[in-house]
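There are 2 protein chains.
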Amino acid sequence: MKIKEIKATELDAEEFIKEKVNEIFSIVGDGLAINALSGGVDSSTVTMLGHKALGDRLKTCFIDNGIMRQNEPQQVASLFGQLGVYVEIVDAREKFFNALKGITDPEEKREAITQTFYRNVFGQLVRKSGAKFLLHGTILTDVDETIAGIKRQHNVFEQLGIDPREAFGYTIIEPLVQLRKDGVRKVAEALGLPESVYNRMPFPGPALAARVIGEVTPEKIEIVRQATAITEAELAHTKAFQYMAILHQDRVTGIRDGKRDFGLQIEIRCWDSVDARTARPTRVSYDALDKLADRIVAEVPGVVSVTYNITLKPPSTMEAV
Amino acid sequence: MKIKEIKATELDAEEFIKEKVNEIFSIVGDGLAINALSGGVDSSTVTMLGHKALGDRLKTCFIDNGIMRQNEPQQVASLFGQLGVYVEIVDAREKFFNALKGITDPEEKREAITQTFYRNVFGQLVRKSGAKFLLHGTILTDVDETIAGIKRQHNVFEQLGIDPREAFGYTIIEPLVQLRKDGVRKVAEALGLPESVYNRMPFPGPALAARVIGEVTPEKIEIVRQATAITEAELAHTKAFQYMAILHQDRVTGIRDGKRDFGLQIEIRCWDSVDARTARPTRVSYDALDKLADRIVAEVPGVVSVTYNITLKPPSTMEAV
Chain A
1 MKIKEIKATE
11 LDAEEFIKEK
21 VNEIFSIVGD
31 GLAINALSGG
41 VDSSTVTMLG
51 HKALGDRLKT
61 CFIDNGIMRQ
71 NEPQQVASLF
81 GQLGVYVEIV
91 DAREKFFNAL
101 KGITDPEEKR
111 EAITQTFYRN
121 VFGQLVRKSG
131 AKFLLHGTIL
141 TDVDETIAGI
151 KRQHNVFEQL
161 GIDPREAFGY
171 TIIEPLVQLR
181 KDGVRKVAEA
191 LGLPESVYNR
201 MPFPGPALAA
211 RVIGEVTPEK
221 IEIVRQATAI
231 TEAELAHTKA
241 FQYMAILHQD
251 RVTGIRDGKR
261 DFGLQIEIRC
271 WDSVDARTAR
281 PTRVSYDALD
291 KLADRIVAEV
301 PGVVSVTYNI
311 TLKPPSTMEA
321 V
Chain B
1 MKIKEIKATE
11 LDAEEFIKEK
21 VNEIFSIVGD
31 GLAINALSGG
41 VDSSTVTMLG
51 HKALGDRLKT
61 CFIDNGIMRQ
71 NEPQQVASLF
81 GQLGVYVEIV
91 DAREKFFNAL
101 KGITDPEEKR
111 EAITQTFYRN
121 VFGQLVRKSG
131 AKFLLHGTIL
141 TDVDETIAGI
151 KRQHNVFEQL
161 GIDPREAFGY
171 TIIEPLVQLR
181 KDGVRKVAEA
191 LGLPESVYNR
201 MPFPGPALAA
211 RVIGEVTPEK
221 IEIVRQATAI
231 TEAELAHTKA
241 FQYMAILHQD
251 RVTGIRDGKR
261 DFGLQIEIRC
271 WDSVDARTAR
281 PTRVSYDALD
291 KLADRIVAEV
301 PGVVSVTYNI
311 TLKPPSTMEA
321 V
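Chains as they are written, first to last, in our numbering: chain A, 1 to 321; chain B, 1 to 321.
Read the hints as simulated data drawn from the structure, not as lab findings.
Note that the coordinates shown come from a computational prediction; the quantities given were computed from them, not determined experimentally.
All clues stand as given, with none of them false.
Since the list can't tell identical chains apart, any single copy or any two copies may satisfy a pair.
DSSO-like mimics (lysine-lysine), calculated; alpha carbons at most 30 angstroms apart, straight line: (1) Lys2 to Lys259; (2) Lys259 to Lys7; (3) Lys52 to Lys18; (4) Lys52 to Lys4; (5) Lys239 to Lys291; (6) Lys259 to Lys4; (7) Lys52 to Lys132; (8) Lys7 to Lys52; (9) Lys59 to Lys95; (10) Lys132 to Lys2; (11) Lys186 to Lys132; (12) Lys239 to Lys186; (13) Lys186 to Lys4; (14) Lys59 to Lys4; (15) Lys101 to Lys259; (16) Lys220 to Lys239; (17) Lys291 to Lys220; (18) Lys239 to Lys7.
Model the full assembly from the supplied sequences, consistent with the hints where possible.
Quick look at the structure:
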């Protein structure tokens, strides 16, 4: 079934919210629903729509998969707490790292995270909760890229022709699937979410695992987590669509204390984009790039080299993995 | 033995040439000498000094190791032919690629090239020629970096305490060992070499093998050779100290014809430096970087991503391998 796109320019956010709240209410009825909140604009918007429709009959979980950014679980739970939405933090770090052990192929990595998320962690939460309905923040760009075979997103089973009821034991509701990122931001703002959420930059489903080339280990995640914190602080002033740090598997020669150090390389990407379908590297000033690179090599253990991506999407994608 | 540095600012190029020509003549006597010309400023300068001292008693070879840049053997031989110096091109491509097979560690790569160069290819040429003296373009920066353990240069056996007479059956003469790159350029100019040589940017001993992360194969060399040709054309206007393209082993996600393409990444480095001891990334305009990246992804098969290195040396080195 072809999805009818609603362009941000044509979107009446208030009307959209009313419609989706009714839709969720009519699908779930007096049942229980559950959703996983990552803190991104998509899942935050779904959380608010769901709570508007269902109140306490929507259970919202933040799954700490060990591959989130610095303090992210606590920050997200605290923010939603202030909005009157209780978020349960579920510690699943070990399960995810075990599932990722030995995997280097990006598709297999995504698949391991998907399987761990749905079958292992979230599947159990759903069964324990008794909820039969899962709210999910899939947007149209995810669907396009999955159909095109660019990436295997973990949230578009229906679009891939897989019956999620059969696959995982519940029904997926995707209230944002007709929107692109700019549309979601309008809805988030209209829902009363703070600017830190509705203007929050996109962050991938596989989280920092998408920012590690090659095998994902707790040690590598810690390195890319530190580089990510520095990058987000140093590039915030650009107000770019998205910026990120990527830890390479390739090692390069460097010098530390006058001696050869066969070290790590971090790649920075910073994108200008409206809807993530196409993007171009932001023209960050060299002063800002210098400071960013200096901080990364000084503060992140083992890193001797930093690059800045200068390729258009396409043929690049925004994420590397 | 500590080498006495001659700084470029204190260098009397004419006097230096006279002294070194006498020195070479006095060491070689009426013997035969041989040298390998790569076309770089160091080996070109040594070739001219040697021919001034010895005339036809210096045999100059260009060893085509298969890892040189586009048309480099022919261009170098033709240039020196115009200067009255006959250069013999020796086809050793298969020997080098065989020696590099399966090697991924940068040190082992350099070692394989060194061993192939000296023991296998150049050793044989020397034995066949009857020459007992090898002229070599080692400069002081090579020595520093070798002693510091940053890189294993293939031309500083004496500094490492290895007797080259014992190791390879000949005596190495290093007329440039007191100079850094800026001093060599002055000597090259004073020798009457054309600007394309004395202002030619440095190129590493292991040639394009230093520009491939991971195993070196003829296919990867061809990819980095094409990227190098484009990079050198597009960054010539910067007049930077050195610029290069590096082929990564890591693969990154890209999009080709609307489909996912798990493709190659090329890293660009462009350095501002006086003497190669320290360096900083050139502030190339984004217009120039855009054009460079666009050409690389359009013209070099399999490449979906291009980065620009933004790290200082130290802790980076100029070359990646």
